[in-house]
Amino acid sequence: MPAPADAPPRLRRQILLLLVLASTAAAALVLGTILAAEGFSLLELGILFLFSALFAWINTAFWISLFGFAAHLRRQARRRPDTTAAHSDRPGATALVMPIYNEDPERVAAGLRATLDSLCAQQPEGRFDAYLLSDTTDPDIWLAEELAWSRLNREFAGRVSVFYRHRPRNLARKSGNIADFCESWGYRYDYMVVLDADSVMSGACLIQLAERMDANPQVGLIQVPPLPVLRESLFARSQQFASSVYGPPFAAGLAYWLEGDSNYWGHNAIIRVAPFIEHCGLPELPGREPFGGEILSHDFVEAALLRRAGWEVRLADDLGGSFEEPPPTLIDHAKRDRRWCQGNLQHLGVVAARGLRPLSRLHLGMGVMSYLSSLLWLLLLALSGLEAWRQAGTEHSYFIEGDLFPNWPVSYAFEATTLLAITLAILYLPKVMGYLTLLADRQRLAAHGGALKAGLSVALESLLSILLAPILMLFQSGFIVSILAGRSVRWAPQQRDDGETSWHEAVAAHGGHTALALLAGGVSYAFIPEFFWWLTPVLAGPLLSIPLSRLTSRADVGRRLRDRGLFLTPCESAPPDVLQRLTQALAARQPAATPGEPSLFEQAISDPFLNALHRTLLEREPRAKSERLRLDGLIARLQEGGAGGLSRDEKRDLLCDPTSMATLHALAWQARESAAAG
Amino acid sequence: MEAQLIDMSLEWSLSGNGSGGSRPATLGERLDAYLRAAGAEDPARRRHLIAATRQLLAERGSDGPAAPARPTWAEIIAAVDACLAAEICTVGPGAQSARGRVALKQGPAVNPQTEDEWGTPPRQRRRMHAQSLSLWRPQFLGDAAWLYRYQISRSTQSLAACLCWLAVLIIP
Numbered sequence: 001m002p003a004p005a006d007a008p009p010r011l012r013r014q015i016l017l018l019l020v021l022a023s024t025a026a027a028a029l030v031l032g033t034i035l036a037a038e039g040f041s042l043l044e045l046g047i048l049f050l051f052s053a054l055f056a057w058i059n060t061a062f063w064i065s066l067f068g069f070a071a072h073l074r075r076q077a078r079r080r081p082d083t084t085a086a087h088s089d090r091p092g093a094t095a096l097v098m099p100i101y102n103e104d105p106e107r108v109a110a111g112l113r114a115t116l117d118s119l120c121a122q123q124p125e126g127r128f129d130a131y132l133l134s135d136t137t138d139p140d141i142w143l144a145e146e147l148a149w150s151r152l153n154r155e156f157a158g159r160v161s162v163f164y165r166h167r168p169r170n171l172a173r174k175s176g177n178i179a180d181f182c183e184s185w186g187y188r189y190d191y192m193v194v195l196d197a198d199s200v201m202s203g204a205c206l207i208q209l210a211e212r213m214d215a216n217p218q219v220g221l222i223q224v225p226p227l228p229v230l231r232e233s234l235f236a237r238s239q240q241f242a243s244s245v246y247g248p249p250f251a252a253g254l255a256y257w258l259e260g261d262s263n264y265w266g267h268n269a270i271i272r273v274a275p276f277i278e279h280c281g282l283p284e285l286p287g288r289e290p291f292g293g294e295i296l297s298h299d300f301v302e303a304a305l306l307r308r309a310g311w312e313v314r315l316a317d318d319l320g321g322s323f324e325e326p327p328p329t330l331i332d333h334a335k336r337d338r339r340w341c342q343g344n345l346q347h348l349g350v351v352a353a354r355g356l357r358p359l360s361r362l363h364l365g366m367g368v369m370s371y372l373s374s375l376l377w378l379l380l381l382a383l384s385g386l387e388a389w390r391q392a393g394t395e396h397s398y399f400i401e402g403d404l405f406p407n408w409p410v411s412y413a414f415e416a417t418t419l420l421a422i423t424l425a426i427l428y429l430p431k432v433m434g435y436l437t438l439l440a441d442r443q444r445l446a447a448h449g450g451a452l453k454a455g456l457s458v459a460l461e462s463l464l465s466i467l468l469a470p471i472l473m474l475f476q477s478g479f480i481v482s483i484l485a486g487r488s489v490r491w492a493p494q495q496r497d498d499g500e501t502s503w504h505e506a507v508a509a510h511g512g513h514t515a516l517a518l519l520a521g522g523v524s525y526a527f528i529p530e531f532f533w534w535l536t537p538v539l540a541g542p543l544l545s546i547p548l549s550r551l552t553s554r555a556d557v558g559r560r561l562r563d564r565g566l567f568l569t570p571c572e573s574a575p576p577d578v579l580q581r582l583t584q585a586l587a588a589r590q591p592a593a594t595p596g597e598p599s600l601f602e603q604a605i606s607d608p609f610l611n612a613l614h615r616t617l618l619e620r621e622p623r624a625k626s627e628r629l630r631l632d633g634l635i636a637r638l639q640e641g642g643a644g645g646l647s648r649d650e651k652r653d654l655l656c657d658p659t660s661m662a663t664l665h666a667l668a669w670q671a672r673e674s675a676a677a678g
Numbered sequence: 001m002e003a004q005l006i007d008m009s010l011e012w013s014l015s016g017n018g019s020g021g022s023r024p025a026t027l028g029e030r031l032d033a034y035l036r037a038a039g040a041e042d043p044a045r046r047r048h049l050i051a052a053t054r055q056l057l058a059e060r061g062s063d064g065p066a067a068p069a070r071p072t073w074a075e076i077i078a079a080v081d082a083c084l085a086a087e088i089c090t091v092g093p094g095a096q097s098a099r100g101r102v103a104l105k106q107g108p109a110v111n112p113q114t115e116d117e118w119g120t121p122p123r124q125r126r127r128m129h130a131q132s133l134s135l136w137r138p139q140f141l142g143d144a145a146w147l148y149r150y151q152i153s154r155s156t157q158s159l160a161a162c163l164c165w166l167a168v169l170i171i172p
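Top to bottom, those sequences are chains A and B.
Quick note: the first sequence, position 97, residue 97 per the working numbering, numbers continuous.
Quick note: the second sequence, position 115, residue 115 per the working numbering, numbers continuous.
FYI, nobody ran anything at the bench for these hints, they're computed from the structure.
Among the clues, some could well be false.
Said to hold, decoys possible - Here are the in silico distance ranges between beta carbons for each label pair:
id, chain 1, residue 1, chain 2, residue 2, range
1, B, A44, A, S573, 51 to 59 Å
2, B, L169, A, E395, 54 to 62 Å
3, A, V30, B, C164, 48 to 56 Å
4, B, G61, A, S674, 17 to 25 Å
5, A, G644, B, E59, 36 to 44 Å
6, B, L27, A, G633, 31 to 39 Å
7, A, A425, B, L135, 35 to 43 Å
8, B, A167, A, G355, 42 to 50 Å
What the hints assert, rightly or not - Far from chain A by the CB rule (all over 10 Å, computed), these chain B residues:
id, residue
9, P43
10, A44
11, A51
12, A86
13, Q131
14, C162
15, C164
Even glycine gets a Cβ: it sits at the ideal position worked out from N, Cα and C.
Please model the entire structure based on the sequences and the hints provided.
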């Protein structure tokens with residue numbers, strides 16, 4: 001929970017708004033003065049508009065960080081435990097729900113095992129159950145999930161009930177998966193903790209969350225900021241370091257500013273089930289995809305709906321023990337961004353929905369802006385280039401007809417330099433503030449490698465972000481254009497292991513960026529050389545994007561830097577108990593199937609245990625006669641041509657039907673007997 | 001992989017204990033092979049389950065019009081499941097009848113959940129109704145009903161029309 005308020009939240013927000021507006025207005029005034037030296041052109045008005053919008057955007061983040069920096073330091077100085085949670089006479093029942101979709105079952109089971117082990121070690125008072133909610137479509141992954149579940153079920157027998165449900169039809173993707181849980185088993189629980197497939201949460205954090213919900217009946221949702229961990233590539237480790245150093249002050253700022261008007265980030269959050277069922281059913285948006293149809297980024301909308309119904313949504317920035325894994329490479333990051341970009345742009349159709357709180361509208365708007373800002377930045381660069389070209393082609397006239405005195409050119413170098421310095425300060429001061437919070441806490445500083453190495457890491461991370469930001473800007477601008485062109489995103493699982501980017505992948509993903517950088521650099525150098533030098537920091541990243549993407553994806557580079565104490569985080573130098581458990585569970589996970597081994601689909605047909613396990617987990621559905629005939633046809637095809645003759649969907653259809661699986665099992669034994677008898 | 005594919009020894013067993021491969025396997029050998037593949041490692045236990053399944057198959061055969069001379073694999077598996085249900089755990093109908101095979105592999109003591117909580121607890125449907133996200137419109141317009149409240153009499157309308165004509169004629 002946020003620190004106890006010194007000023008009412010409304011006043012605090014007004015102050016913040018005033019600061020953002022005033023500083024943006026001041027910056028716009030300075031730029032306006034420079035541009036208006038010879039009167040405004042339409043081009044210059046465009047530049048002024050784009051600059052003001054982008055400045056307001058980065059400025060908001062700056063003021064949030066500044067407030068957060070103060071709040072974080074104050075909390076550090078007091079070292080006071082949070083007192084908002086109290087023990088309840090009747091602790092609520094909590095379900096840990098993990099929606100999964102074609103994820104690595106061993107990784108999923110290892111994460112859940114670590115979380116449950118940590119929870120059991122804390123001996124919670126309230127009841128905790130766990131649900132693996134599968135929307136998996138791949139037959140072999142589905143069966144592997146069942147095996148992983150059966151192991152978890154045995155392991156936690158008598159301590160935590162672990163349930164498994166597979167949905168044959170993936171209606172409404174992840175939000176539909178959660179909705180199915182709420183509709184079916186929500187009646188058993190007061191709260192649910194939503195976990196992502198790579199989420200890990202400590203038992204202490206889970207218990208604290210449940211206790212806070214018990215103690216604050218007006219709270220509908222508490223989000224714990226997840227810390228990215230466990231990846232070893234250079235890209236991922238730089239992200240992990242940035243989140244660990246700059247994240248806490250920023251989260252403290254958000255909590256300080258937003259209080260009960262906070263947001264939901266889709267996972268690592270506890271939700272009060274009854275109001276969620278009552279108020280968070282998601283409609284389909286009118287129109288066709290990509291803007292219409294199912295709501296992709298459901299989390300922001302669900303938070304807005306909870307707020308509309310009067311429930312508080314909070315950010316528990318003071319709680320640790322909440323982790324996730326970041327994308328290992330720049331390309332994987334971009335792939336995830338593609339999904340998020342469409343989901344966030346879809347919020348344009350929700351932001352003006354009736355009855356939403358102003359701050360909910362702001363969250364939705366900021367989500368849109370987080371991607372739109374890239375396109376605005378690209379436009380600003382293009383317009384600035386045009387303006388520089390226009391200026392270069394215009395000669396100053398010292399003598400104007402009818403005027404006695406010469407018209408001396410006025411220099412605005414001071415104003416321009418000041419504006420640039422302020423913009424850079426706004427961009428980089430949050431990083432400096434993050435570093436200062438480290439210096440103020442010896443324990444945290446030591447866990448990040450000490451003052452010198454943490455400082456070097458901050459410098460290196462800043463350099464990397466300077467190079468990577470323009471590449472991401474180009475990626476995101478491309479995504480926006482493709483979404484506006486009507487291209488929708490497909491639902492694919494995220495890459496969750498340290499897979500390095502090959503040269504081929506890097507060229508395919510960044511060839512366009514490099515070509516664009518060469519073109520922009522060449523044209524500006526040839527026609528407006530002064531502008532070219534201003535542009536070099538932006539051009540460097542895209543120009544080097546192919547080797548940069550490959551280099552940053554390498555886990556050996558990340559590990560070498562870790563051995564030298566760079567980008568070190570507390571989760572690496574002194575891993576918390578739950579992460580140690582996860583590492584152990586990952587080390588002990590079952591090896592992948594060997595190439596000669598039959599697929600799990602084939603095993604589910606022939607092996608008595610796997611066949612029985614699968615059948616007992618199926619929900620019996622009445623089937624039409626025509627469907628039964630179709631399934632019988634599939635069985636006949638399977639007998640003739642083997643499993644390789646069936647498509648993935650056909651295998652899944654057979655797996656969904658307990659009668660077909662029983663028939664196939666008997667037929668497999670019959671066939672074996674016949675083959676053995678010759 | 002936990003679920004091992006039935007190994008070569010099973011095929012050896014099915015072909016009649018290696019005695020040339022031409023003799024069809026007896027019911028006992030078939031049951032032995034199946035139970036071994038299902039995870040019944042202990043020979044004594046297997047013998048016990050084979051006897052119980054045989055007994056059940058014989059009873060089922062005697063109930064029908066004629067006892068099957070050589071039961072099909074579907075009948076054998078159904079009988080094994082029924083036997084395991086009686087021996088290891090009480091199970092429900094349909095697909096749940098195979099629960100005994102799961103318990104045979106995993107051991108009877110490790111079934112933590114009650115029968116109706118295997119996999120998932122019983123469902124109790126409570127619909128999540130789709131919320132309205134219809135767009136907000138400025139409040140002062142509302143549904144524009146206030147516009148309809150104004151009614152102008154015919155004489156006022158005539159006067160207004162005359163004034164308009166006058167304005168058109170005079171102002172230019």
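*Sort out which numbered hints this structure fails and list those numbers smallest first.*
Structure breaks hint 13 only.
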